[in-house]
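**Student:** Chains as they are written, first to last, in this note's numbering: chain A, 1 to 100; chain B, 1 to 172.
Quick caveat, the hints were computed from the structure, so don't treat them as lab data. Being a predicted model, the structure only gives us computed values, none of them experimental. Just so it is clear, CB atoms sit at the ideal spot from N, CA and C, and this is done for glycine as well. Please note that a few of the clues may not be correct.
If you anchor each label on the Cβ, the simulated ranges turn out as follows [said to hold, decoys possible]:
{"id": "1", "chain 1": "A", "residue 1": "V65", "chain 2": "B", "residue 2": "V82", "range": "28 to 38 Å"}
{"id": "2", "chain 1": "A", "residue 1": "L98", "chain 2": "B", "residue 2": "L158", "range": "24 to 34 Å"}
{"id": "3", "chain 1": "A", "residue 1": "F22", "chain 2": "B", "residue 2": "R144", "range": "15 to 25 Å"}
{"id": "4", "chain 1": "A", "residue 1": "L23", "chain 2": "B", "residue 2": "G105", "range": "15 to 25 Å"}
{"id": "5", "chain 1": "B", "residue 1": "L83", "chain 2": "A", "residue 2": "L53", "range": "22 to 32 Å"}
{"id": "6", "chain 1": "B", "residue 1": "L141", "chain 2": "A", "residue 2": "F22", "range": "29 to 39 Å"}
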Amino acid sequence: MVPLSYYLILSAILFACGVAGFLIKRNIITIFMSIELMLNAVNLTFVAFAAELRLLSGHVFVFFVMVVAAAEAAVGLAIIISVFRTRETLNVDRINLLKL
Amino acid sequence: MHLVLFFIFGAVCVGAAINLLVQKHPINSALSLIVVMGSLALLYLLLGAEFVAAIQVIVYAGAVMVLFVFVIMLLNAGEEEVLPHTSRVAVTLGVPGLIVGLAIGVWVISRYAGLDRITIGGPQVLNGSEAFGNPRSVAQLLFRDFLLPFEVTSILILIAILGAVVLARREE
């Protein structure tokens with residue numbers, strides 16, 4: 001028997017790790033992975049509440065979040081490749097101009 | 001049993017997430033993220049979400065992370081360099097403070113909202129309804145009540161594919 005709050009606390013810790021990675025990492029790919037970590041933390045909350053309330057809608061919402069995350073990963077990584085072609089770097093501190 | 005499994009996989013999850021922050025090389029971070037996703041899939045199984053656990057492994061740990069690893073290797077990403085003006089205060093003070101603060105916040109909220117008294121697992125979940133969370137019941141909900149959003153996501157995926165192709169194309 002696991003209290004629901006344990007799942008929520010685990011989810012909050014994972015989300016905080018994602019936020020921290022987003023803020024302190026300087027590699028654009030690692031920043032992107034931190035965003036995926038935050039999405040995963042939110043999914044855990046959805047599934048925990050779905051199990052507690054006995055509502056399957058939570059699982060469907062997790063499905064939609066995963067679809068959006070997959071689309072976001074595809075487009076985001078394409079943008080990263082395109083940025084790398086013009087800048088020759090992945091460090092976000094060096095990508096500071098809108099136009100070359 | 002439930003609680004023991006939760007603590008084991010929760011600890012693996014948090015450890016891998018912290019490892020993601022500590023590692024300097026993006027490929028190590030990507031592999032830690034795969035560990036996080038795998039242990040999250042096991043937590044989903046503990047919560048009775050079989051279908052979500054399956055697509056967590058197939059879509060997230062499989063497809064999305066392969067895409068990440070592929071891009072890391074394609075761009076030959078090395079260790080991240082720290083420029084001189086980068087502040088390290090966030091790393092030393094902000095991150096532990098953020099994690100502890102969020103955990104305490106959730107604990108206080110769940111205590112005063114009465115979520116502490118709610119427990120997941122045990123006999124009533126395992127024997128209550130066998131159908132909860134299996135692919136058949138999720139599919140019935142998805143293709144009946146959520147049919148229009150499902151079709152809209154297919155258009156979203158199509159646009160994302162086209163956008164990815166257009167953005168990653170080499171301009172001559």
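**Student:** Confirm or reject each hint.
**Tutor:** A quick look at each hint next to the structure:
no., hint, verdict
1, A:V65 with B:V82: 28 to 38 Å, "33 Å, holds"
2, A:L98 with B:L158: 24 to 34 Å, "29 Å, holds"
3, A:F22 with B:R144: 15 to 25 Å, "37 Å, violated"
4, A:L23 with B:G105: 15 to 25 Å, "18 Å, holds"
5, B:L83 with A:L53: 22 to 32 Å, "48 Å, violated"
6, B:L141 with A:F22: 29 to 39 Å, "33 Å, holds"
Violated hints, listed in ascending order, are 3, 5; each of the other numbered hints is respected by the structure.
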